[in-house]
Amino acid sequence: MSVVAGKELRIVGFLCNWCSYGGADTAGVSRFKQPSDLRIIRVPCSGRVDPLFVVKALLNGADGVLVAGCHPNDCHYSEGNFYARRRLEMLKKFLSYMGIDDKRFHYTWVSASEGARWQQVVTDFTKQIHALGPLHQKEEAGD
Amino acid sequence: MRVGVFICHCGNNIAGTVDVAKVAEEARNMPGVQFATDYMYTCSEPGQEEIKEAIQREQLDRVVVAACSPRMHELTFRRTVEKAGLNRYFFEMANIREHVSWVGEDKDLNTNKAIEAVKLAVEKVKQNKPLFPSSFEVNKRVLVIGGGVAGMQAAIDCAEGGLQVVMVEKSPSIGGMMARLDKTFPTVDCSICILGPKMVDVSQHDNITLHAYSEVEEIKGYVGNYQVKIRKKATYVDWTKCTGCGECTEKCPSKDAYDHFNYGVAPTTAITIPFPQAIPKKATIDPTYCRQFVRGKCGVCAKICPADAIDYEMKDEIVTEEVGAIITASGYGLIDLDRLPEYGGGRYPDVVSGIQYERLLNASGPTEGHILRPSDKEEPKTIVFVSCAGSRDKSIGIPYCSNFCCMYIAKEAILTRDHIPDSKVYVFYMDIRSPGKGYDEFTRRAQEEYGVRYVRGRVARVFPKGKKMIVKGVDTLLGTQIEVEADLVVLATAVTAAPGAPQLAEKLRISYDQHAFYVESHPKLRPVETNTSGVFLAGCCQGPKDIPASVGQGSAAAAKVLSLFSRDMLESDPAVANVNINVCVGCRKCINTCPYGAIEEEELRDGRIVAKVLETVCAGCGVCTSTCPCGAIQLQHFTDNQLLAEVNALCLS
Amino acid sequence: MTQKKLKEVVQKVLPDVDMVIGYRQGFDPVHATPFFVTRPEQIDELIWNPLCVHNLASYIPSLTTNKKVAVIVKGCDSRAINQYLQENLINRENLVVIGIPCSGVVSVSKVLKAVDHQIIESVSCENHAVTVKTSQGEKKLSVSDVSPDKCKTCLYPTPLVYDHLVGDPITSDKEPESVYDEVRSFEEKSLEDRFQFWKTELDRCIRCYACRNACPMCICQDRCIAESRDPHWVTQKTNQTEKFMYHMIHALHLAGRCVECEECTRVCPMEIPVAKIKKKINMEMDQLFDYKAGLNAEDTPPMYTFKVDEETIEEHEL
Amino acid sequence: MAKLGYLPKEKLTDFLENLKKKYRIYVPCQDGDAVLFQPFDGEKPLCLDRPATVSPKSVIFPQTDILFSFDYRKSSEDPKQVSIELTENLDFPETVIFGSRPCDAKGFLIYDRPYTQTDMPDIYYKGRREKTTIITLACNYPSPGCFCTSVGGDPADKEGSDILMTDVGTGYFFEAVTAKGEEIVEDAVFEDGSSYQEKAQAAHKAVADLVKKPFDSTEGLPEKLLSLFENDAFWEAEAAKCISCGACTYLCPTCYCFNITDEQAGSKGERIRSWDACMFYHFTLEASGHNPRPLKQQRLKNRVGHKFSYYPKKYEGAIACCGCGRCIRSCPVSVDISEIVAHAQEYKDEPSK
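Protein chains in written order, with my numbering: chain A, 1 to 143; chain B, 1 to 653; chain C, 1 to 318; chain D, 1 to 353.
In short, the hints are calculated from the structure, not lab data. Since the structure is predicted, the reported quantities are computational estimates derived from the model, not experimental observations. All clues stand as given, with none of them false.
With a cut-off of at most 16 Å between alpha-carbon atoms, the simulated EDC-like pairs for lysine to aspartate or glutamate come out as follows:
1. C/110 x D/33
2. B/467 x B/376
3. A/103 x C/192
4. C/307 x B/506
5. B/297 x B/311
6. A/7 x B/105
7. A/92 x C/315
8. A/7 x B/108
9. C/152 x C/177
10. A/92 x C/314
11. C/307 x A/74
12. D/3 x D/182
13. C/292 x C/177
14. A/93 x C/314
15. D/212 x C/121
16. D/11 x D/191
17. A/93 x C/315
18. D/224 x D/346
19. C/4 x C/44
20. B/232 x B/313
21. C/68 x C/16
22. D/44 x D/14
23. A/103 x C/317
24. C/7 x C/45
25. A/127 x C/317
26. A/92 x A/102
27. A/92 x C/187
28. A/127 x A/101
29. C/152 x C/181
30. B/129 x C/230
Required output: the full structure, derived from the provided sequences and hints.
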């Protein structure tokens, strides 16, 4: 059981607990409809998101990865998203060099109150991933 | 592993667009799941009972609840499993309401999404480890930053509650903005008359230590145990000797010093006592004006001081105070008149700010309470008040409402009519915001009893014409242009964050918004807490608010501190970073990146250097974990393997 | 003569240190090998020539904690020392740096290719050329023809940090911009071609971790997450996914730290151009944060700091 | 009288094409700048002029071998009833390794002792081994670092091969060593090879003399190394430059150590056997966190010791090194095992420094 064939692609989201996860909650409370592809992994802070998680997901089956955190200056931990910004930007610039389309990875800032913005981000990113289609088939285990 | 999964219908909120029975059925087939069921309201009393019973009956060792957002009920259910004898961290929540049923229409897709959300939570909970809080002692002293009305209230309440209080005030006297006000709305009480007694309480309370003319230099430590370095700025007057007699201020030859207390309505002397009721009532020298400093010779005050208190050699002094909690009531600022050129701000002496006007009204102000316009010291007959001078104005980056201007303009207008019965008073306003007890009645009185002319519309320009100031604007109600020949224009200048607010926030390690107002933990439910435990907010540092609101917050912050200190030991959140010393290579990267300085070097017996986490300081952001190249430092409850389990649950298989 | 001067310096230095790390002749005429001099009688074995390819700085971190060490470095190698100092991974008090301005080394695998892998009987190096004798006869190769890529764009032929400098400083005649030409031309390939390129190259990887262990900045070494179960980032499978994952780990962990000594490429037994991966990130670090690793000891690696306002980072639109 | 054959070089491809009908064939091909044993596809050109970068051991002992896959099944009527389903694949195809060198072939003999000649043979190794035919190419000149003659080998050693072929200029001289080999030399493409035998033997002799001899015999070596076991100074000096990567062991034809890990996703998973290397810290890392071999010199000592002391002591003096020289050629820092052995032999107990 995984994505619903034909209808969904595999999109993984890493959301910081304080802002973006809250923003997604706000979107829910306001009943802002969104595409169903995204699966959300909750992290304390975008600064917790090691770029390797994104790579791991993309290499192992995700068609797209989204990372969202507090707006700069609004980090619950005051600095976490500043580190995240540098690391994720570095990854963003690096991915396509290895042959993985950087459009499959997006990072952005969504506050707990920005339900509408969250709806927009999810909708647009999902559209973008569907436009790209599924990521290359990965080989089976072994040598 | 024996995981129990509970799928909540949340009435129809979830069950309406998710096939909960199917989710439960799929959950039953997940590896490690021993028991799965669906329930109408899992958070209800019987719902929680159901969980407890299942834990006993099925000998569950992990629990997953698929329901609303964990931000809603995670704590509720953690308590539930704990009551049933499980460690509270053997619990995970799958958010299938806010993130699924409420945002998707297609029931099949929702159901599948919910199933995956559960799968995710199951894989995570299987990786969870039991965590146990450790406890540590609390230093039951509290630091209050700012001696305005909010800070004083907080200090007094804490002191009355038996706590030792350290108050730091950056200006020479406590009292803050309220001490500058002539009267207060809506009662038109004499401001200093009601504030004075509080100031005296602060100065005389055995439990309160006051550091006036001082600033916070550095803050180290964590909730329960802060070390605070305080810079006592040089006053060049030995306050232990100064009696506040004021002779120096009369004799001081440099009489063109800027008067900070009176917002420069009139110049003052280089050595001053800010106002008659000042506390402490001591003199301070402003070296930027004092001739002894500027020209290197004068010494008048030193000669005449009967107490021999003058000390030109005085240096700043750093004192260290140890406290267990901090209340910051560091107040607000006002935008410079110069930023309002269209209103003639900063260009024409007869365009003043609301706070300057308070001083013109005030009996102990430079004009002894006679309203005289700055330019020619004549009594103005036509006075125009402009509200929202800067406020609610995106163009200068202040989109917000300054909260209390509508009210003090009404008050100042009324007082003007009292002082000068034959005066004409206009108020240009966008909206009248008077949503307080007796507030709307007050603004109505201004219009109906005192004949203040309220014009709904913005002022376009203010420019001089002879001795007059021409105020051009529109009356949007009549839809006509309006032009008033005024003698004096009063601008309700926008409230800003206090100067230096960001720097202080960084010392306190609390966050601030784009306008540098401090951010509370929750805008509705945790208004005086910050995200840094042990640091609380009171008054306008959090946003513009009037006196009762500030006082209320002062008391609220005090109550928070008192309840924090009601225990001798504090429990630290165990979901903090943890170092595996077998793996740590001592590269110090975590130490350099930790936003809290919560990581130290530790030398092992074999001489190896490894990282060591100060559990009580660590806030659990996990920056260290994503920085550590070898995965030696792991944020508990969000370890690499726990997050990888979630990634794999979604990507592999 | 440089070699002679070098020996004199080592003579001077040796009494005050536990060891001097240099080079001596290896198992065959074309291989030099790292040489740990602890006794005066060993000094004569020291060599200096374009075969001295290894970055000896890599040995320092594990040693300077409890030993006093002198190390011989070329310009490129010396950046590692600055980087160590930035990250405070070595004890400078216990380190003596003997710098040698370098006019370029050879790539042994290029030499072997040039002589079709014939067994080499002798090699002689004089002014920017190596003469290689095999059973098939002699072949004179100009160093620049068989030099590794790093030399072709070398900006720092003279060590950036040293206590003793052997020989006169050399200034680079290379275009600073040219350093990343390789990256730019590779980026002209299509996405698919780029992926195929790495797929075929990395397919040869046997995960022997030579690239990692030879890397001066791979300070985790034995504790590398490519082998651990906790955290469990990579399995022991040798399929494409895991090989990509491993090399991504290596590259990302070097972001803003790679000193471009290209040891990773040199040591790869499977001849994978591993350094080409890092080069791209180095370029980004340079463009985003105006930062090149190992240029001076005072910098902070860009991934371990931040600016509240990052002029060079724009929000990405969808 | 062994079967002899001659194959003109231009016929080589035809021969392999024929062979391909019956066997899965691995041939040395140039891949990038490396030479690897890869399935023969008729297109990729062969590379026979130098030994392959990696030994052909992966044909019989893959770097990653999925021993079996498992699936935890929950019964549909009662999910609390869980059963495990195991599936393993033991039917291995008939395989030919073509163009390996005598040292490579020898490597498998060293594998055989622990993997097949025991009361508990390894079914995966044994299975593939029995299905594999090895066609070896005698070396016509030595390669950098190789020293087979010092460990009882020879550039034209037949031992371990099913066929030994020799480059005799215009073509290859084939000599069947085993019945398996004869079957192949039966192939019609072959001409009678007897006339080339002398030429081949002459070539063999010539090369053998060119191979370097870092040490003359392995006589008493196992004991000598044991006597150095406690000599930390010796091993620290020998290992000083080692960066403890796995290049040597992974390229080695005789290194046979492995690791076993389970990889599970959801209810399904696999048990994987993968190469391991005694040069790695993790090789001896214990669950407790304790590691009996934390230092690289301890690990290098094990590698040398295993090949030249422990293994021979266990298996009638057989040295577990075939002298192919790969570990020397491909070592990032040119650690030379033959030199270490020589040092050990020469070692006299004089206090160092």
